[in-house]
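Numbering (the numbering used here), first residue to last: 1 to 107.
Everything labelled a hint here was simulated from the structure, so no lab data went into it. Even for Gly, the Cβ is constructed at its ideal location relative to N, Cα and C. Please note that the accuracy of each hint is not assured.
Said to hold, decoys possible - Okay, the calculated beta carbon distance ranges per label pair:
#, residue 1, residue 2, range
1, Asp66, Gly91, 13 to 23 Å
2, Glu36, Thr74, 16 to 26 Å
3, Gly72, Thr37, 17 to 27 Å
4, Lys85, Val5, 27 to 37 Å
5, Leu30, Gly80, 28 to 38 Å
6, Ala38, Tyr76, 28 to 38 Å
Claimed, not checked - Below, a list of computed lysine to aspartate or glutamate pairs in the DMTMM-like style, where the Cα atoms sit at most 20 Å apart:
#, residue 1, residue 2
7, Lys95, Glu70
8, Lys95, Asp28
9, Lys85, Glu70
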Amino acid sequence: MSKIVEEVTLGIDVGQLSLDIFGANLNDVLSIENNETAIRAFLGSFSGPVAIAVEATGVFHEMLVDIAQEFGFTVYLIDGYRVNKYREAVGVRAKTDPNDARLIHRY
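Input sequences plus hints: build the corresponding full structure.
The following block contains the structure:
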């Protein structure tokens, strides 16, 4: 009998020093350092298909995107202007990194 494999979806808010991560499989927003070691350890914990939505943030998202693609994950790079307009459309008032991770996941 075959095993059902569901895709894990993650919304990641990228900062210079940290990544705030939210997904349906996580109980709350997880924060990790924005460095190669931490990113590889986190992404390496997944065994099935993973889709990651990440807001383009200058150069701070590039390492995350490169490593995620190296792992074979699907990456959706989202324009910050569109995320901001989506935030306005759904009525999210507080702009915090954890809220942005949830919003990007939802988007």
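Which of the numbered hints above does this structure break?
1, 5, 6, 7, 9
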